[in-house]
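K.L.:
Position chain F relative to chain Y; hints supplied.
Protein chains in written order, with UniProt numbering: chain Y, 1 to 102; chain F, 1 to 234.
Think of the hints as simulated: they come from the structure by calculation, not from any bench.
Using N, Cα and C, we set each Cβ at its ideal position, and we do this for glycine too.
Be a bit skeptical, because a hint or two may be false.
Stretch-level coverage of chain Y by chain F, calculated; a stretch enters the list once three of its residues show a Cβ under 8 Å from a Cβ in chain F [claimed, not checked]: (1) 5–12; (2) 24–35; (3) 38–50; (4) 70–81; (5) 84–96.
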Amino acid sequence: MGAVAPANAILLAAILFGLGLAGVLIRRNLIFMLMSIEVMLNATGLAFVAGGARWGQADGQVMFLLVLTLAAAEISVGLALILLLQTRRPTLDSDVGNRLKG
Amino acid sequence: MITQIVFWFFAVVLIGSAVMVVSARNPVHSVLFLILAFFNAAGLFLIAGAEFLAMILVIAYVGAVAVLFLFVVMMLDVNFSQLREGLQRYFPVGAAVGLVLFVELALSASAWRIAPNVRDLPHARVPGASSNTEALGELIYTHYVFLFQACGLVLLVAMIGAIVLTLRDRPSAKRQDVAVQHARVPADTLQMMTLGLGESTTGNGGFRRPIGKSAEKPVSRPALVIENSPDREG
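Chain Y on its own, in the form it takes in the complex (with noise of 0.2 Å):
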């Protein structure tokens, strides 16, 4: 990572990811829920490009590529589950999902 040490990028990710596990278990909404698991892949993602970076290798920039892809996948189907979510009930409380019927 150039002139930073490696450490430092991959404990920089270590506390986004942290962040976003700690968002996805306090926030009820799923909005945000999926706003922090947004949060949780991008921190993967810079500890995958600066694992790349430290041997000067692209390797690790193809898995951030595969990341931004599966991110990209989870977002599209997870809103549109939200929108099916919306109109069948009045909240978007996770917690009161927990009723397997419609």
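P.N.:
Below, chain F alone, put in the same frame as chain Y:
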């Protein structure tokens, strides 16, 4: 030195915007802080030498994902009073789990030693790639081609899934039913007749729909035909 300063600046702003994403009350503010976080991550990628991915991050994440979030957030009618109800209740558990995970990751990263001869291992090397984009392209289309194809498949499945989930079949919508169209035969809708010399269509009842067929099959709309059947004349 300047790289260090830029790195820490981007890192601090990234962490701050991530905190705001998690803790913002308004989801629109949260999405905007998410966009700020993505921009800062793109800056970090630039420091790491991944210029192509920095541009991809801005285009794909900010241009597609965050805008999609904004669309959905503005489409939904979010009840702001309900948003904060569970926050105090779940804050200790969520913060504790996040902190434990962070400590674990930090410990494992600090205790991580790289073997000194790891550069001798046979891994994907890019010989003589000058730019970052060139190196990435040579890796994607050679060593990781199956992974690349799998990415495309994942996107295809996600696209089909999103379309299937949000497709609403309204009964009032006019749609083309190919099976009904193929099942139509001329005898359902048309009746051939011969007019005598000097007769007009109005003298034979004019243009009218065939009786009986149209009531059974409402989908296939019959055309106007000339009726001249002998049982109708009497």
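K.L.:
All hints are to be evaluated individually against the structure, with a verdict given for each.
P.N.:
Hint by hint, here is what the structure shows:
1. 5–12: holds (count 6)
2. 24–35: This one holds; 10 residues, not fewer than the three required, reach chain F with a Cβ under 8 Å.
3. 38–50: With 7 residues closer than 8 Å to chain F, the stretch 38–50 of chain Y meets the three-residue bar; holds.
4. 70–81: holds (count 11)
5. 84–96: holds (count 6)
Every hint from the earlier list agrees with this structure, and none is contradicted.
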